[in-house]
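Taken in order, the sequence shown gives residues -43 to -1, 1 to 307; the numbers are from mature numbering (1 follows the signal peptide of the UniProt record, and there is no 0).
Note that these hints are calculated values from the structure, not bench results.
Accuracy of the hints is not assured; some may be wrong.
Derived DEER-like restraints, expressed as beta-carbon distance ranges [claimed, not checked]: (1) G215 - R149: 40 to 50 Å; (2) A185 - P263: 11 to 21 Å; (3) R94 - A259: 23 to 33 Å; (4) P133 - R31: 24 to 34 Å; (5) A108 - G139: 17 to 27 Å.
In the DMTMM-like style, the derived pairs of lysine to aspartate or glutamate whose C-alpha atoms are separated by at most 20 Å in a straight line are [unchecked claim]: (6) K228 - D212; (7) K21 - E60; (8) K21 - D32; (9) K21 - D212; (10) K181 - E135; (11) K152 - D171; (12) K180 - D212; (13) K181 - D171; (14) K152 - E36; (15) K228 - D186; (16) K152 - E135; (17) K21 - D34; (18) K152 - D34; (19) K152 - E293.
Cβ atoms here follow ideal geometry from the backbone N, Cα and C, with glycine treated the same way.
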Amino acid sequence: MGEVVLMARIPTARPAGGARHRAAVLACAGAVCLPLCAGAAVASGFTDGPGSPFWAEPVNRPAKQARIWQERGRDEDAEAVQRIAEQPTAVWMTGEDPREQVERVTEAAERAGRIPLLVAYNIPHRDCGQYSSGGARDAGAYRAWVARAAAGIGERRAWVVLEPDAVAQWAAGCLPQEARAGRLGLLAEAVRAFKAQRGTSVYIDAGNAGWISDQQLLADALKKAGIADADGFALNVSNFHTTPVTRTYGLQLSDRLGGAHFIIDTSRNGKGPLPPTLPSEGGNEAWCNPPGRALGTPPTTATGDPRIDAFVWIKRPGESDGSCRGAPQAGRWWNEYALGLATASSAPAR
């Protein structure tokens, strides 16, 4: 087993969870936070990227906030946060039984002629006890949960990002032995369950460019997690690494996996991660709601590289990474942070 360096880590969007990307020397570094959601649509002016087949929720929290600010005369702020509202962002599958939620989302996307992006985030011992800890109580409960999620998709089209941080945390060694022993096999079962739905594409999360330095270790873990049966892997979920840096890391990992394809979360990577010259404030990790970040390239399949299937927004911009820097708990909407991301993003960078 080669050297494992845990660098930057960051939270992902979930209804009260968090992804992460930690700074070097963390036993775990990842990316996850759950979305809470709800809102009303408003007029738009910022469309999704060229070549985007993805579905955008017509009712969402940033749209609701944009309308509130419009009514209060904060037109510039409303226009800025509307950039988030208009983009297709991932829907995190939640609750003990996700079937109804998944059916509702996939049916709406099918009516719109679009593809929904879903995130499965319920693996036992999720997030190594950090901001987004939780998950299914055991392997049996997880299998049942995955079966219900897959049934909710049915024969409709969907892209599923499988378990942010789960493989990288295994490689990082932060899991208790009982969870570590069966995790990769459980992921492989989940891949097969989702792929049994003929319209479903599956991408196994593989962490981010600043987390696991031993790519052979990571590649071997992905093989055990079922990458051969999946459509590829996902990188940078809830993180801030730039697209060029992530592309390089992803292509190197792909080479170790026989040319496997991958997708990149560009939701908040417009200005990259917090510079190392700016130390984290007492106890505030660099991956947790870092200031001065920006929205990245809008979702699109026009990536310019045949092995990169899409740039996507998996993390829901504006939802907290965790209760740091005066932020609400992971996955909760945070007006100020959303506005900061949007106003720093006059021209999302590739």
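Each hint tested on the structure:
no.	hint	result
1	G215 - R149: 40 to 50 Å	violated (19 Å)
2	A185 - P263: 11 to 21 Å	holds (19 Å)
3	R94 - A259: 23 to 33 Å	violated (42 Å)
4	P133 - R31: 24 to 34 Å	violated (48 Å)
5	A108 - G139: 17 to 27 Å	holds (23 Å)
6	K228 - D212	violated (27 Å)
7	K21 - E60	violated (24 Å)
8	K21 - D32	holds (14 Å)
9	K21 - D212	violated (43 Å)
10	K181 - E135	holds (17 Å)
11	K152 - D171	violated (28 Å)
12	K180 - D212	holds (13 Å)
13	K181 - D171	holds (16 Å)
14	K152 - E36	violated (39 Å)
15	K228 - D186	violated (34 Å)
16	K152 - E135	violated (27 Å)
17	K21 - D34	holds (13 Å)
18	K152 - D34	violated (42 Å)
19	K152 - E293	violated (39 Å)
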